[in-house]
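Chemist: If you read the sequences in order, they're chains A and U. By our numbering, the letter at position 82 of the first sequence is numbered 82, and the numbering carries on one by one without gaps. Going from the second sequence to our numbering is simple: count from 1 and add 1000.
List of simulated lysine to any residue pairs, SDA-like, C-alpha gap at most 20 Å:
hint	chain 1	residue 1	chain 2	residue 2
1	A	K188	A	D119
2	U	K1239	A	N213
3	A	K129	A	E140
4	U	K1239	A	T215
5	U	K1246	A	I214
6	U	K1243	A	H5
7	A	K145	U	D1245
8	U	K1243	A	E147
9	U	K1243	A	M72
10	U	K1243	A	L82
11	U	K1246	A	G216
12	A	K145	A	T3
13	A	K90	A	N15
14	A	K188	A	D161
15	U	K1243	A	I219
16	U	K1243	A	I214
17	U	K1239	A	R76
18	U	K1099	U	A1191
19	U	K1201	U	S1214
20	A	K30	A	H125
21	U	K1246	A	Y218
22	A	K8	A	E70
23	U	K1246	A	E147
24	U	K1246	A	F212
25	U	K1239	A	L84
26	A	K8	U	R1256
27	A	K8	U	P1043
28	A	K145	U	K1246
29	A	K144	U	E1247
30	A	K8	U	M1213
31	U	K1192	U	Q1098
32	U	K1243	A	L84
33	U	K1239	A	M72
34	A	K42	A	D100
Simulated from the structure, these hints should not be mistaken for lab results. All of these numbers come straight from a predicted model, not from anything done at the bench.
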Amino acid sequence: METAHTDKNFEQKLNHLTDNLIKMSNIVEKQIEIAVNVIKSKDSSDAQTTQNLDEQVDEVERDVRDLSFEIMTLHRPVASDLRLVFTALKVSKELERMGDHSRNLAKRAISISSSFDEDLTDQMHNLGKGVQKMVNQTLESFFKKDEVQARISWNQDAEIDRQYKSLLSDLIERMHNKETSVVDEGTKPILIAKSLERIGDHATNIAEEVIFNITGHYIDLKKSDFE
Amino acid sequence: MVDQNSNYALQTSEVYVHYGKKMAINNVALNFPKNEVTSLIGPSGCGKSTFLRCLNRMNDVIDICNVKGKFLLNGNVDIYSPDIQVETLREKVGMVFQKPNPFPKTIYDNVAYGPKIHGIASSQNELDEIVKDSLHRAGLYEEVKDRMDDIATGLSGGQQQRLCIARAIAIRPEIILMDEPCSALDPIATAKIEDLINELKENYTIIIVTHSMSQASRVSSKTAFFHLGNLVEYGETGKIFTKPDKEQTNDYITGRFG
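Next up, chain U with everything else stripped away, as it sits in the complex:
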């Protein structure tokens, strides 16, 4: 149930999602505490990515996708209200995708693009500062400061993903959604992103979809386990990975078929 408690960055309840006649999410209620990392885990097709995409209305572009439910940002903003512009919502709720997807532009322009179109910077100096600050926060600045005019697609996969995080941060969101952000990265690049997630949570609320159990246990304080569109179990990550309440959760995280 949604309450007015503003300790949550985002509260959801009675969420149903259908793709045509097929149910993808079945009556899910899940709240996301501010400045914490919440992992959404579950087998492929369980609905975790669909649910994540509801949180910044990414599903709006899919014609057959029908989303119902309550989604409250900061306890009072209904993100599916007709009064809410999707662009405005995505200023508050940024997203990082599975595959790094920098624009075929310079490193600088990749980060500057969002603040420009959202009118966040009032001067070139301010824009420069936002770009620098975002790259700093994404742990990338030192590696790219001397080649800001290079094309971003020339960066390594890990650097590209951190650039995408910098791009997401540049529009000053409150929440960052991450859809398997490390699945295309090697262990070192993954470790850097995970370190970054740990630092970012001081300023942002992070919701991450991951197939890696060890990543969920390393980076998140809360974990939600989805199966067949249902939220099976939600709780403290430490508890979920040591003594989950549901047998289905135990079977999944220990690698057994349920």
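One chain only, chain A, in its complex shape:
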């Protein structure tokens, strides 16, 4: 159990910082969930929702940044408090990028023809579901300060990358075979898959920050199995 701070004002600001991150995480998780569903539904109003949510994400990110500066200037945090502020700044940036990718992929998903190959759509959707799960677990590990869970989430990225590569080679192969429904969409499915894969990478970065926040050390992990 964490002990109470002697400076209540400082403690309130640290709690507020965490609250902002929880708020931001909830919005981004929602954005990803909607965006992944749009891959199948092609619902343009849902795609618009991801755009609207993105504005909220940007706003909270600014709040996190301003509050972090205020805490550093007025309270000069050290040790675990200092790590929390640094982690907040970095995690909020990762979340903001995840939000951008969600918005972009939803926008691209609605522009893909409804006659697009069902199997490839399923593959994209499955990749999205995997990413969504990884993001949820990573963020949970952050708020629960669960180092073990953060490491498990970090390791999930290899599976995301494997699915991404598999989808990519499928797409390229079908283009080689001049399958009209695939060729007509050009790079859109590739960019959607890439956005999902990038969201996974940002989740990995967050997992690394979670481990730093808890232990004070960055893990030395290499993605040697994925180029």
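Once you've looked at the hints, dock chain U against the given chain A.
Modeler: Chain U only, in chain A's frame:
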């Protein structure tokens, strides 16, 4: 454990201090690297000042205070040996106190007093040089050079504290102990003392007790955290203030009750 490594100005081990039956220091071992600043931090009553005062035998004057342990100066001088005169020890280990305590004498006499009684100067000219040099090193000379015969108590608090540092330097110590030297000073005077500490470490080993976490992090390269008479953690200041090993250290420096 004390070894013969002379990279340390002072080495201590198995230090126990009791005030009557009350234990103030419990089996502390701490070494002080030469020409570095070491901060001793911890809540009031943790033993940091008691420990500091052991290092030049200031506790000798307290009847109920019982000090045990090994204290080696430069790897070979046992400072509690019966052969060691306290006055001789304090030539090597000077001290600056929390509250500036200049003698009610002139600025010149304040600095000249130590060298005189310790027989450091062989002539008036040499004494003048020591006084001038000490005031220079303490960053005070330019401010007082035209009023050396003024009474020192008329100086500002910050100037008085720098005068006390000049007084400590004048007897050419190897180690300077500082017991919260800035707690009675405003931020500008504090900044001057901190700058001075930074310069002084080139020639002296400095051990400072401070309640200010930010001061410890600014001025020292090593930090020792005391709690209830125990040395909880000692290490590089940068590490202590970013990722201390002990939760108790983290709680204290972040302002949480442990």
